[in-house]
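Listed below, chain by chain, are the residues.
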Amino acid sequence: MRYIKNEWIKLWSQKTAWMLTIFLCLLVVGVGAVTKYYEKPLTTPEDRRNANQAELDNYQSLVNDPAIPEEELSFYREEILKLEYRIANDLLPASEMGFDTFMDMGLQMSLALGAMFMIVIAASILSKEFSTGTIKMLLTRPVARWKILLSKLVTVFIFGGFVIFIGAVLTAILGFLFWGSDTVGSLTIVNGAVVQENMTDSYMNLILYSIPSIILNTLLSFMLGAIFGSSTLAVGIALLIAFLSNTILYFIAKYEFAKYLWFANDIRQFMPGSTPVIEDLTLGFSMIVCIVYAIVFVVVTFLHFQKRDVTA
Amino acid sequence: MKKPIVEIKNLNKSIKGKHIIKDLNLSFYPGQITGFIGPNGAGKTTTIRMMTGLMYPTSGEIIIDGHSMKNHFEDAIRHVGVIVENPEMYKYMSGYKNLQHFARMHEGVTKERIDEIVRQVGLENRIHEKVKTYSLGMRQRLGLAQALLHNPKFLILDEPTNGLDPAGIREFRFYLRKIAEEQDISIIISSHMLGEIEQIVDRIAIIQNGELIDIRELHQETISQYYIEVAQTDELQAIIGERPVKPYEKGFIIDIEKPEVPALLRALHEENVDVFSIHPVQQRLEDQFIEMTGGGAIDAIH
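If you're matching them up, the sequences are chains A and B in order. Numbering-wise (numbering that gives the first Met the number 0), the first sequence opens with residue 0 and increments by one. Numbering-wise (numbering that gives the first Met the number 0), the second sequence opens with residue 0 and increments by one.
Treat the hints loosely; a few may be bogus.
[Said to hold, decoys possible] Each computed EDC-like pair below joins lysine to aspartate or glutamate, with the alpha-carbon atoms no more than 20 Å apart: (1) A/K258 with A/E278; (2) B/K90 with A/E6; (3) A/K306 with B/E73; (4) B/K15 with A/E6; (5) B/K21 with A/D308; (6) B/K245 with B/E228; (7) B/K69 with A/D308; (8) B/K257 with B/E228; (9) A/K306 with B/E60; (10) A/K146 with B/E181; (11) B/K96 with B/E111; (12) A/K4 with B/E106; (13) A/K127 with B/E84; (14) B/K96 with A/E6; (15) A/K14 with B/E228; (16) B/K249 with B/E228; (17) A/K306 with B/E106; (18) A/K127 with B/E87; (19) A/K127 with A/E6; (20) B/K129 with A/D308; (21) A/K39 with A/D89; (22) B/K1 with B/E181; (23) B/K17 with A/D308; (24) A/K146 with B/E180; (25) A/K146 with B/D74.
Note that these hints are calculated values from the structure, not bench results.
Use the sequences and the hints to build the structure in full.
As structure tokens, then:
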């Protein structure tokens with residue numbers, strides 16, 4: 000615990016951690032303020048009803064148009080059902096920003112940036128000790144090397160959790176200030192009836208399904224940082240894989256080995272409403288692949304660090 | 000003889016097929032300051048890195064305070080204080096926060112102990128400023144503070160006087176002597192700056208090409224040579240007689256034991272020989288060192 004405290008203090012004594020956190024906050028505030036500034040306010044129930052009604056009329060006329068093919072008609076009929084539900088429950092039109100849609104966006108932004116920041120910190124938290132030579136002051140203490148390494152890894156995860164938490168709280172506060180309790184709601188048709196999704200469940204799903212890839216990318220970056228001793232190289236490779244994984248997958252999806260790569264098994268593709276990139280993947284299989292890679296990354300990092308001669 | 004605090008037994012280290020340390024055996028005793036010297040590339044730093052756990056021996060073992068470095072690292076290193084080359088501190092934090100940071104990695108270092116050591120190294124006025132504003136001398140002092148924070152029984156200093164001004168070096172020397180005597184700490188100082196080392200150490204261990212080539216206690220050596228400068232050299236020759244003598248600068252160097260010196264002076268006085276100067280000649284460590292390692296080759300061996 001004391002070693003984690005040490006790492007935490009060192010992390011926040013440097014500019015990087017502050018800059019990253021402030022950057023995320025500014026982005027959330029900026030996006031919220033710009034959206035709020037340019038939107039036509041629909042503050043009263045009448046405004047909302049009129050906006051929904053206008054869209055409803057539009058769909059009505061389409062449904063009555065004999066030139067529309069039958070398969071499209073069912074889509075329009077569903078939209079009409081949803082709009083009627085919106086009017087009955089005083090919800091915002093789907094195209095507008097409300098508390099819940101802003102919350103969803105802010106969470107996605109916090110998770111994406113939080114993941115990126117964790118990659119950056121994971122790569123530098125150890126390699127920086129090497130490049131400044133402080134590693135020899137750290138390793139000549141009565142503390143086994145694996146404890147020092149573990150305290151650094153744990154600190155990266157605490158930092159990530161903290162940044163994402165700050166982003167989420169700030170989003171919630173801004174969303175409440177700008178949109179109050181105005182909600183858009185996420186509607187689906189189940190057996191001909193409109194069902195409104197529980198927003199808390201959807202936030203939780205978003206977070207839970209994102210966590211595995213965040214953890215894997217962080218472990219990868221931590222491993223590269225420990226092996227190369229250079230944060231630039233580690234950050235570069237880890238960010239490249241994190242951001243280009245979909246492009247890379249597009250080219251290699253047809254090969255059998257692709258489904259054994261960790262970034263092909265991003266758990267987010269199993270979120271309700273998404274389809275996996277490689278069709279025959281299942282949630283269970285992907286979970287196992289992720290866990291195996293996580294173990295490999297951690298074991299390689301710790302073994303390498305435990306055995307190496309420090310010449311910094 | 001006291002029980003050694005550190006024992007190095009049959010230490011070997013190979014890096015990429017090169018045999019860098021060859022069967023090194025060395026012990027260090029409480030209260031004794033040992034100079035660890037050798038030409039560049041002789042294996043000083045490699046040996047020190049193995050004693051501090053930064054590198055692992057290929058074979059052999061290092062036992063500190065009865066604990067093997069290999070099997071009980073935490074217990075072995077617990078009583079060791081280290082400055083390896085320049086003390087690299089976290090520049091973005093204050094000196095005090097640096098000390099707190101390292102204190103958290105030891106058992107039982109109290110706030111009072113941190114304050115005490117800050118006073119001892121004379122940093123109390125600047126301790127709350129960031130390390131990046133410190134001069135090299137202040138960083139060295141902070142380095143010493145972190146090494147002594149946990150009251151070590153064994154202090155390892157690798158090139159400790161780099162960047163200290165002469166006054167700083169004198170103070171440093173005095174301080175090391177004091178803690179070695181008062182707290183019975185064993186100290187090892189590696190250096191190639193022989194002139195500085197010879198005035199601090201009790202004994203020297205000389206390493207060359209990864210092998211220990213000599214250990215000697217410095218204070219055992221008695222001075223048996225004197226330099227003398229006189230006006231009438233012929234009379235001097237006559238008085239000295241058969242003694243080995245060699246001209247040196249304006250005078251002579253005579254092999255003579257200390258108790259014989261007053262008699263010589265009386266004889267010179269009686270013969271009306273004018274004596275300008277007489278003083279003992281201390282063969283400097285540097286000369287001995289060059290003698291042992293094969294003359295002038297301080298930097299030539301790699």
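Checked hints:
1. For the proposed pair A/K258 and A/E278, the alpha carbon gap of about 10 Å is at most 20 Å, so the pair holds.
2. Straight-line distance between C-alpha atoms of B/K90 and A/E6 comes to about 15 Å, which keeps the hinted pair within the 20 Å bound.
3. For the hint pairing A/K306 with B/E73, the CA-to-CA distance comes to about 16 Å; that is within 20 Å, so the pair holds.
4. At most 20 Å may separate the alpha-carbon atoms for a hinted pair to count; B/K15 and A/E6 exceed this at roughly 34 Å.
5. Taking the CA atoms of B/K21 and A/D308, the gap is about 18 Å. The hint holds against a cut of 20 Å.
6. At roughly 12 Å between alpha-carbon atoms, B/K245 and B/E228 fall within 20 Å of each other, so this suggested pair holds.
7. Taking the CA atoms of B/K69 and A/D308, the gap is near 13 Å; set against the 20 Å cutoff, the hint holds.
8. Taking the CA atoms of B/K257 and B/E228, the gap is near 17 Å; set against the 20 Å cutoff, the hint holds.
9. Between A/K306 and B/E60 the CA atoms are separated by roughly 16 Å; this keeps the pair inside 20 Å, and the hint holds.
10. Of the supplied pair hints, the one linking A/K146 and B/E181 is violated, its CA atoms being roughly 35 Å apart against a limit of 20 Å.
11. A hinted pair counts as satisfied when its Cα atoms are at most 20 Å apart, and B/K96 with B/E111 qualifies at roughly 14 Å.
12. Using a Cα cut-off of 20 Å, the hinted pair A/K4 and B/E106 holds, with the two alpha carbons roughly 15 Å apart.
13. The suggested pairing of A/K127 with B/E84 holds, with an alpha-carbon distance near 18 Å, which does not exceed 20 Å.
14. Taking the CA atoms of B/K96 and A/E6, the gap is near 12 Å; set against the 20 Å cutoff, the hint holds.
15. At roughly 67 Å between alpha-carbon atoms, A/K14 and B/E228 are farther apart than 20 Å, so this suggested pair is violated.
16. For the hint pairing B/K249 with B/E228, the CA-to-CA distance comes to about 7 Å; that is within 20 Å, so the pair holds.
17. Between A/K306 and B/E106, the direct Cα distance comes to roughly 25 Å. Violation of the 20 Å bound is thereby established for this hinted pair.
18. Between A/K127 and B/E87 the CA atoms are separated by roughly 12 Å; this keeps the pair inside 20 Å, and the hint holds.
19. Pair hint A/K127 plus A/E6 holds up; C-alpha atoms about 12 Å apart against a cutoff of 20 Å.
20. Simply put, B/K129 and A/D308 have alpha-carbon atoms about 30 Å apart, too far for the 20 Å limit, and the pair is violated.
21. Between A/K39 and A/D89 the alpha-carbon distance is near 17 Å, which keeps this suggested pair within the 20 Å criterion.
22. Taking the CA atoms of B/K1 and B/E181, the gap is near 16 Å; set against the 20 Å cutoff, the hint holds.
23. For the suggested pair B/K17 and A/D308, the alpha carbons sit about 15 Å apart, so the restraint of at most 20 Å is met.
24. Taking the CA atoms of A/K146 and B/E180, the gap is near 35 Å; set against the 20 Å cutoff, the hint is violated.
25. With a CA separation close to 15 Å, the supplied pair A/K146 and B/D74 stays within the 20 Å bound.
Comparing the model with each numbered hint stated earlier shows that hints 4, 10, 15, 17, 20, 24 do not hold.
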